[in-house]
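Asks: As a plain string of letters, each chain reads:
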Amino acid sequence: MITIHHLPLAVRLDEIPVVSVEEAFACINQYLRVGQSRHVFHMVALPHTDGHRVITVLADDHTHSVSLTSCIVRTGNPVPSLTPSNAQMHIFERDLWERYGLEFTDHPWCKPVRFPVDSFHRKGIDDYPFFRLEGGESHEVGVGPIHAGVIEPGHFRFQCTGEDVVHLEIKLGYQHRDVEGELERARTLQRRSVLAESIAGDTTIGHAWAHAMAIEVLTEQQCDPITEHERVIALELERMAIHVGDLGALSLDVAWQLGSSYFGALRTPLINFFQLWCGNRFGKGLIRPGRNRFPLDEERRKAMRLMLAQFEKKFTLLANEMFSLPSVVARFEGTGVVTHDQVAAIGAVGMSARMSGLGRDIRRSHPHGSYRALDHVSVIEHGGDVLARAAVRRREVDASMRRIRIVLNELSEMSGSDAPTVPSTFTPNTLAISAVEAWRGEVVHVAVTDQDGQIQAYRIKDPSMHNWFALALAVRNNEISDFPICNKSFDLSYCGHDL
Amino acid sequence: METIFIILFVLTLLYIGMADRLSTLVRILGVQGILLFATAFVALDKVDALNLSFILIETILVKGLLIPAMLRRTLQRNGIVRETEHTVTQFQSLLVVTVIIVLSFILANSIHQPHLRIGYFTASISAVFVGLFIVMTRMKIITHMIGYLILENGIFLLSLAVGNEMPLAVNTAILLDLLTSVLLLAFLVDKVGETFQTVNVHDLNELND
Amino acid sequence: MRLTFMVACVVSLVIAFVTSIPAVTVLVTGMAWSADIGSVTYVADSFSAFMVLVINTGSVLAALYGVRYLADDPDGRSLTESILHGTSFVALHAAMIGVVISSDLYSLFYFWEAMSISSFLLVLFDARQTKARTAAIRYILQMHIGAVGILVAIGFVSSAMGGVTYSLVHDYAASHQTWIVLLPLAVAFAMKAGLFPLHSWLPDTHAAAPSHVSGLMSGVMIKLGAYGLIRFGLLTDPSTELGTVLLVIGIATALFGIVNAIGQRDLKKLLAYSSVENMGLIVMSVGMAFIARGIDAPYIEIAAWSGVVLHILHHMLIKAVLFQSAGNILHGTHTRDLNNLGGLIHTMPGTVNLLLLGGLGISALPGSSGFVSEFPMYISGIKTMMMSSTSISMLGVFSVVTLCLAGGFAIIAFTKAIGIGALGTARTKAPLTAHDPHWTTRFPQWLAFGGALFIAVAPGMFIRALSGVLYGLSEKHIPHDLLTTLDTVGIGQAVLIIVVGIVWLLRMLATRTKPVAEGPTWGCGFQEGDARIQYTATTYADSTIEIMSPVTDVSVSYRHIDPADMFPRTRSYHTEEKDLIANKVFDPLAIGVERVLRALAVLQSGNMRSYILYAFVFIVVVVVLTLAEVL
Amino acid sequence: MIALVVILVVALFFIGIVNRTKSLLGGRVGPGLFQHVHDVVRLFRKGAVISTTSSIVFRLAPTISFVAILMACTLIPFGTQPALLPFQYDVVAFAYLLALSRFVMILAALDTGSPFEGMGANREGIYGMLVEPAFFVVFGSLAILTGHTSFTELFSTLHVGSGGVSILISVLAVYVILQIAMIESSRLPIDDPKTHLELTMIHEVMILDHSGFDLGLIMVSSSMKFALFGLLLANFHLTPSAPLWLLLIIAFGVNIVFAMTVGAIESFRARNRMKRNPQFILTLTSVAVLIYFSVLILTNKLVL
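Protein chains in written order, with our numbering: chain A, 1 to 499; chain B, 1001 to 1209; chain C, 2001 to 2631; chain D, 3001 to 3304.
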């Protein structure tokens, strides 16, 4: 196991130790046993002469480090599963099983992850093995893939006894676009950047930045501090915009029309500022490896300060109203509780972890760029219910606002330098990892180059990968009519999961 | 006029039956205190200044303002907002409160006493039983307290129901009431505060990891 | 089988014909019929005559249905079995008539027992199934406990008055404590009527009996319990107190019955609990009438009696329709479990149509006979609310609230029975292969429904025709504006039905040229829709059972998913509906009694000397007690 | 007759006003006042898509439901002008006609075999059942107060502020009837017609598979139901001495205020948790019982 201390990192493939499967898995178990400060970043399989080389990336929040280990899994040779001892491994193992046909002997939940027709096993969608309540006395409710609201496709299967949900199972995969494959095949930086921006439409900045960082370490480029500062502003602005929009959506789902209208209206100045900054309301086209395409000049900084001042006044007023209105709070309170233990077990990340007292935050644990100097304090709530998730959102909006102001002040005292030119060939035989705390949680990009310095594998982990399971747990033993607000309170990405 | 106050008082009892947030319960207690003063003010024909000030202090100051304020402070300090540990569902709790009111009415109606004023009697008996019911079915110590206070309000009303000719009885009841209220207050400040503060410390410990 | 029962049917028809003529005469002329057979006098006043007509109609409907129902019987029966069944049927019919024309307690007791035994034999028809056997034995045991009540009453009355004719009962009640004679009798009648808390035999027995028998028992036989309560209530000069007791029992029965009907997933049990509810409503209305008599409020009394009479008629007809539909469904699918049914409207349209119409009627919705029979009950309730005494007024509130709650619950119960059982898609294979039985099985159903419809549109006419009965019950004439109100309701119902027809025609005209596309039910675009995606009988009742949990007894066997269990294995979910009283009161009681008896068995050592010792101790005790002048 | 006309006219614009109030409070202009009417007309012209699972029940239900509501309309008077079909105790018929409409719609919902519609049907059945006691106790109390038992007679003597009617009773009665109207019409805080999420709705989810003419009929019925309760509320304010034109103005005024109240309620509060609804509806019965006690006191059957 190799341990490295700073993210983003680039490590030569042959520096990552290759051990036997048993040893590697024991090592992972050992690593994770330490506790909640450690979780799995990613599990990547690369083709090998007689099977696959599985590289596991593990993260430790306390020591701010990342550890890697790898092993060779031979084709047609079942290996023991890590899932029974560490539930958070389930999604990675299912991914490997589905993509490459790696067999796990005792995986309790070996089901398709993202393919409507499972690409390796060629099972049809009708065969999806849903968990069932037998006996013919309970009923099932299937919601989706076409939903009542304008949202992305996904199928939710509830096992109900009347109004109560006994179990929810989520079947995704309607949105699979093979983004990873496209990123591997792309030959120009421009195409790569554009692809990275469209991994998940609501996390444009997060994914673009993670991708830019991965490319930057692969080409050994350093960004100048102004660029890093501007990226922080963009990321926090994106966070604010989505959180405010989600607070509006939550209001709509509890039928509080005032909240839904005015939170919706409050989101507009935020995304309009992106329009002013880079010509796109979602910040597309702003971040490129090594540079930002649009500077945040004095004029725009002024506009931003003005916008924030106005926003803050209205937002505080409305948020106070929301969190003191009994009918709204009564709806949020105690709804969709995911306990601290559950969150830790499934390895939830980002705000889905922080709402239940698990302070998992890349900005603090593995800071990158300007965050290293910012001494970040995470927003943590303890309720684990919808109210806690709404409260995390509200407080993060406030925190982001403060952070943007600080960074804006620092920016006005800095002078720029020329942006480096990024070459289109990369360090050969290298694995690069970058992680960004986007609004939903950690976005992890892993890029692997071959001996020609071309990308041979590009793996993306959106926070939704872990967090969808938290939604399933939240709905257990709740009323089925509370599902929409539970879903909205997590607001997870379908396309980020399906890739 | 009296009818309106009595009915409003019974309405507050219904509201207690369905409330699940502690802050609402506390607010209702305050409203009840003020309603009690209004009722007493209207009901007692001949009140001298001493009695009136007595009643004023007891109802508006203590029941209406002081106790709710103390309770609210306790709640805020300990961050408890919601009564979660019920032994009956809210539906059943409301049903029971309604049945209590109807039964009190029947009871009041079946007692033939010239001195007894049925409206007051119904309201007071309902309040006593609702208070007891709250104490029986809720788990939190603070809700028990609220239950006792509702019971107290009922006893106050009971003294009005029979007390038009007996200001002495009223005063005695009020004195007793004051005493218990003060005792409760002391208890609230000392005991409950203490217990919850330790809980708080425990919570803080958990925050660290 | 078919032939034997056809003979029974013909005999039943003959009995019906022979007894109906005097009954109609009594109703038309208003003169009581009486006859001496041997030393016993039989009397039929207008109320008895009305009951005779109800019994005859119910029995004939059941007999007609039974002929065809038994013809399709899949199990081979021996000749003895068939003859026994046919004879019991005729015996039940005759015994029921005997009950209502008895004029002394002895003959009442004989007929009462004959009725119990013959119906017991009818229930035993499916004796090869353990459930049917258990239910039948429980039934006959409970009925015997009830009959003991009549014997006790005979004991009291005959020892005091030297005879047991009804007039002597009246004199006895007037000169002694009324409750001494009324209470044991009331136990017998309440047991038969299925009044809470003595109803527990009813659902099991109805479910176990063949469908024509359950229809007869539910539609007619249990009404005789109400008949007894009315008859002896009137004999003892009913007071407001007695009325209040009946009212409260009626309310408890009605609400308990209908809430438990919602919980059932066995179609016939659901119907049986609905019968419990309807008996509750009838008894409640009887109580209301007694109260009205006590406070001398003729309008309320007449309204309450009209409610009783119309409801007896309506319930007899509609329950026949419903139980016979249930019989057809059982026949076609071989299951009564609603969780196994669904989609029957496509495979058994004829049966389901009747089930639908019956469901409308039993839920007392406008356009049906149920509405007109509950309407006078509402009148009496609201009118009682307006009485000057506060306590009486509150009784009115209780009855009105009960009526509307029962109506609301009935909607849930019967949308469940129809919606889950007959609509939607099939939950198992059974409904897919089912088909309507021969049309002759539906003939008595349509007959019954036709009668119900007639009541629905012309309630005033019925009340006028039955004015003699009402006069016999209340000794008062019907107020004119009550008749007008009922007439208006009848016309309104007819208008409602006609307007539905007109609007339907208009709709057909308007949509004639419009394109109609067919597609699957909206399932959010998911390809794999199946029957699991449908509410089941259990889950449809879940919310109601949850808020009504104190009066129901549904046990759930299901292992909860542990919060730490991320990947649960498949598990199953089962519920079992039991009767609260049977399960929580009677069964523990029976077990307790058994335990006591076991303990006593220790004494039974088999040793002759110890028996002598017991006898000696007994004698000593008796002597001591006598000396102490205790005995 | 006037009553029927008023109901039909109110039904035209009622939903429009509710929606307009909501949009204005939400900072938008919103759809036109008669958008609802346009929708219905459009639906009447359309063809239909019918589920293969469904049967005649599904097709017949909207018609029966519509006729039931229509018949209920004929029971409501307009001030002193009698209703089209008045009779003693028509209060009972009124409640039962609404129940009939509910019954057939529940069956139609179950006929589709869809889990969503089953959900709606289940909820509708329970809430409809729970709301009835409140209705009967309130109207029973009013019957005690006035000594009359049909809507026509009741409203010919009963007005807010008229002799013997205490303000408190009127306020409580109007509150209960308003809430009953909201529940029967499936509005906040019981149901939310706006979110369009299958899992949280009641009425809207029951009609998920209806289309074309039938859906139009359902929409007409639901706006008529609203107008029905609107006129019921208006009747409390129609004093017999006023001329007809003034009465009409009052009636429409009350309905407009009612619609705006509905709009305002739907803007300023959130929907109840589903499990809380039974208890919320039960409150109405409890309040109705209080009305009953007050009436007893008022009519001097009870000395305070």
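Please keep in mind that the hints were generated in silico from the structure rather than gathered at the bench.
Certain hints may be false.
Okay, derived cross-link-like pairs now, DSSO-like style, lysine-lysine, Cα gap no bigger than 27 angstroms in a straight line [said to hold, decoys possible]:
1) C:Lys2578 with C:Lys2131
2) A:Lys302 with A:Lys314
3) D:Lys3194 with A:Lys314
4) D:Lys3046 with D:Lys3194
5) D:Lys3194 with C:Lys2578
6) D:Lys3275 with C:Lys2514
Values in this document were obtained by computation on a predicted structure and should not be read as measured data.
Asks: None of the hints should be skipped; say for each whether it holds.
Replies: Hints versus structure:
no. : hint                     : result
1   : C:Lys2578 with C:Lys2131 : 14 angstroms, holds
2   : A:Lys302 with A:Lys314   : 19 angstroms, holds
3   : D:Lys3194 with A:Lys314  : 25 angstroms, holds
4   : D:Lys3046 with D:Lys3194 : 23 angstroms, holds
5   : D:Lys3194 with C:Lys2578 : 41 angstroms, violated
6   : D:Lys3275 with C:Lys2514 : 42 angstroms, violated
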